[in-house]
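Student: Please model the entire structure based on the sequences and the hints provided.
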Amino acid sequence: MLAEPMIHASLAQLRRALDSRQISSVELATLFLDRIDALNPQLNAFISVDRAGALSAARAADERIAAGTAEALTGIPLAHKDLFCTEGVLTTCGSKMLANFVSPYDAHVVSLLKAAGAVSLGKTNMDEFAMGSSNESSYYGAVSNPWKTTHVSGGSSGGSAAAVAARLVPIATGTDTGGSVRQPAAFCGITGIKPTYGLVSRYGMIAYASSLDQGGAFGASAEDCALLLSAMTGFDPRDSTSLERAREDYAAALVAPDTGTKPLAGLRIGLPREFFAEGMADDVRAAVEAALEQYRALGATTVEVSLPNARLAIPAYYVIAPAECSSNMSRFDGARYGHRAAEYSDLADMYSRSRAEGLGAEVKRRILVGTYVLSHGYYDAYYLQAQRLRRLIAQDFQAALTQCDVIAGPTTPTTAWALGEMADDPVQMYLSDIYTIAVNLAGLPGLSQPCGFGADGLPVGLQLVGDYFSEARLLNTAHQLQHVTDWHTRRPATA
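Residue numbers are given in the UniProt record's numbering: position 251 of the sequence shown equals residue 251, and the series is strictly consecutive.
By construction, these hints were calculated from the structure, which means they are not laboratory data. Be aware that a few hints might be false.
Distance windows between CB atoms, simulated [as the list claims (entries may be wrong)]:
(1) 306 / 486: 28 to 36 Å
(2) 402 / 247: 47 to 55 Å
(3) 289 / 469: 24 to 32 Å
(4) 349 / 306: 51 to 59 Å
(5) 261 / 489: 33 to 41 Å
(6) 423 / 345: 31 to 39 Å
(7) 299 / 489: 19 to 27 Å
The model shown is predicted, which means the values in this text are computed figures rather than measured ones. In this text, a Cβ means the ideal position worked out from N, Cα and C, and glycines have one as well.
Tutor: The structure is reproduced here in structure tokens:
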């Protein structure tokens with residue numbers, strides 16, 4: 001098969017091509033590796049590329065295919081966000097602090113995908129230690145949006161999103177602490193899903209905020225995300241937050257669309273009045289409402305619901321997440337691994353100099369905020385109060401989900417902004433996550449899918465939120481819309 005169709009093929013098409021020997025896994029990996037070499041200099045989506053490791057894994061995948069033991073992802077190229085520890089490969093978290101850290105072990109997600117026969121091509125760029133909404137805080141430089149390289153790709157998983165959007169790789173892993181899979185997916189015009197908290201093991205996933213972090217999946221379509229997520233989930237006894245429940249085949253749960261029927265008949269889509277109030281850009285609103293009209297045509301009904309405490313999500317999040325960040329980041333002190341200052345007078349000076357040199361401005365800002373809210377005299381006033389708000393937000397979602405099956409709204413209030421536009425206004429950047437953060441606070445699954453373009457020609461995302469363990473429903477809901485629209489098949493000029 002010609003290279004061009006392979007680059008733009010879905011996972012199902014790639015599976016058929018590999019199984020029918022139209023292309024080998026080695027040839028497919030080489031095709032995407034060469035594409036990374038050609039396009040990554042302008043996008044900066046990858047921090048490191050492991051050509052030798054990828055080709056070795058591809059040869060092993062070809063042997064499995066020949067033996068008839070291939071799984072859904074065997075021989076399929078992918079990339080990992082650079083906070084998943086990968087044995088023998090640089091794992092930097094986008095930071096100078098870990099610029100020389102080669103992991104001695106695999107994260108659970110990496111192990112699962114290796115066992116499935118997927119071929120990792122490298123590690124993608126990210127906001128430093130996953131702290132950011134634009135992928136501009138990376139020590140390795142900002143990631144450019146493939147649709148307009150003068151604009152941000154979103155964060156913190158912007159490298160993975162940009163790589164999939166530009167077809168440097170068909171699928172990629174990411175993590176979502178406050179929207180870091182869904183927001184870059186929206187900005188880059190692809191599909192991204194954050195599952196229920198605890199479905200994906202956090203073992204070997206370098207922590208930012210442990211009660212919020214969750215691994216997620218990027219793909220061009222809901223079907224591609226379903227295939228990747230199915231391979232990523234599963235109980236892990238090494239992670240105390242991992243949920244012990246049967247694994248699901250999300251791809252098998254996708255309902256094949258049947259022309260002339262209404263595949264979503266009976267589905268109730270809740271529209272939170274708080275999400276459709278002021279703050280949403282007009283072009284985003286137009287694209288979202290057009291997508292909702294498509295859902296009605298597919299048989300779904302829409303009902304108004306309320307999330308009265310949603311407005312408190314950002315202040316609650318920016319107390320809880322920095323508090324957990326302050327604790328998690330204490331391990332990066334230059335003593336055991338990571339960057340160590342060249343000159344220091346004593347142990348305390350080594351700690352302070354190493355951290356001052358190794359960590360960027362946004363990470364330092366969040367450590368300081370977190371240390372403050374956890375300090376004596378402020379713990380009750382800030383941290384405990386934020387945890388109470390978190391419970392109220394989760395209760396709001398549960399109340400709303402008694403009136404509907406899925407909650408829908410914009411993923412972001414605007415399309416991607418220009419690189420550097422919010423560099424001096426971190427609070428304004430924090431507000432860009434206004435629709436995504438509450439989902440993490442509640443531990444619910446959320447998905448973003450492309451639903452159109454803004455006035456500037458940049459993608460718009462539609463967010464779907466479901467009850468706990470409703471990933472299959474979210475993916476199928478997106479899958480049905482993608483059967484009757486082509487937003488997920490649009491490609492930027494770079495692709």
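Student: Give a verdict on every hint.
Tutor: These are the hints, each one checked on the structure:
1. 306 / 486: 28 to 36 Å: For residue 486 against residue 306, whose Cβ atoms are near 34 Å apart, the range 28 to 36 Å holds.
2. 402 / 247: 47 to 55 Å: For residue 402 and residue 247 the Cβ distance comes to about 28 Å; the hint is violated.
3. 289 / 469: 24 to 32 Å: holds, 29 Å
4. 349 / 306: 51 to 59 Å: Holds, since residue 349 and residue 306 (Cβ atoms, about 54 Å apart) stay within the stated range.
5. 261 / 489: 33 to 41 Å: violated, 22 Å
6. 423 / 345: 31 to 39 Å: Since residue 423 and residue 345 have Cβ atoms about 34 Å apart, the given range 31 to 39 Å holds.
7. 299 / 489: 19 to 27 Å: holds, 23 Å
Of the numbered hints listed earlier, those contradicted by the structure are 2 and 5.
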